[in-house]
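First residue of the sequence shown: 1, per the numbering used here; consecutive thereafter.
If you're looking for bench data, these hints aren't it; they were derived computationally from the structure.
Cβ atoms here follow ideal geometry from the backbone N, Cα and C, with glycine treated the same way.
Mixed in with the good hints there might be a few duds.
[Stated by the list, open to error] Label pairs and their calculated CB-CB ranges:
#: 1; residue 1: P101; residue 2: D137; range: 39 to 45 Å
#: 2; residue 1: A102; residue 2: F14; range: 37 to 43 Å
#: 3; residue 1: Y38; residue 2: F93; range: 17 to 23 Å
#: 4; residue 1: A79; residue 2: W11; range: 18 to 24 Å
#: 5; residue 1: H39; residue 2: T16; range: 30 to 36 Å
#: 6; residue 1: D137; residue 2: L35; range: 40 to 46 Å
#: 7; residue 1: A37; residue 2: V76; range: 31 to 37 Å
#: 8; residue 1: G30; residue 2: F98; range: 17 to 23 Å
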Amino acid sequence: MSKNFGSGSSWLIFFTSRVCDAFALFFYAGSIFFLEAYHSEGAGEAWGWLGAICFKLAAFAEIAALAAWGSSSFEVLDAVFTVMLGVSLSIAFLWSLFFEPASHRFDVRLTQSAMRNEYYKSRNAMAYYGPAVVNADGNVKSVFLTVEWAAALMFF
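Make a model of the complete structure from these sequences and hints.
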């Protein structure tokens, strides 16, 4: 292998792509952990820790293999990296099977708009405590007009 990748542009491409892959594995570790730990719904924080640890170990194994380039331990460390990458991807796949249904359980339906719903909640403070205040046409009354009307009555 060192005969083919010993020098030149092919070696630079090989080495640089592996270093970029190691950085990507570190980012995967952080993204799985933070997504699981700070999401309001999820599969459990232990899955975040497990995924982060596996991806970080895979990244460290790849960096160690690249540091041992040209020595006899490169093949062993590269095999450890390959196994750790497989374990990490398997853990991420299993985690996603639990995380995705839990995270989509309370999603907004396609017929709704979260922004529209929040707009009507802000226009009508009573929407939090009871039925909406509507006029004769069935449209939601503006809270501002209702408060303005109540304030006008208080000063009489």
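(request) Quick one: which hint numbers does this structure break? Sort them smallest to largest. (result) Per hint list: zero violations.
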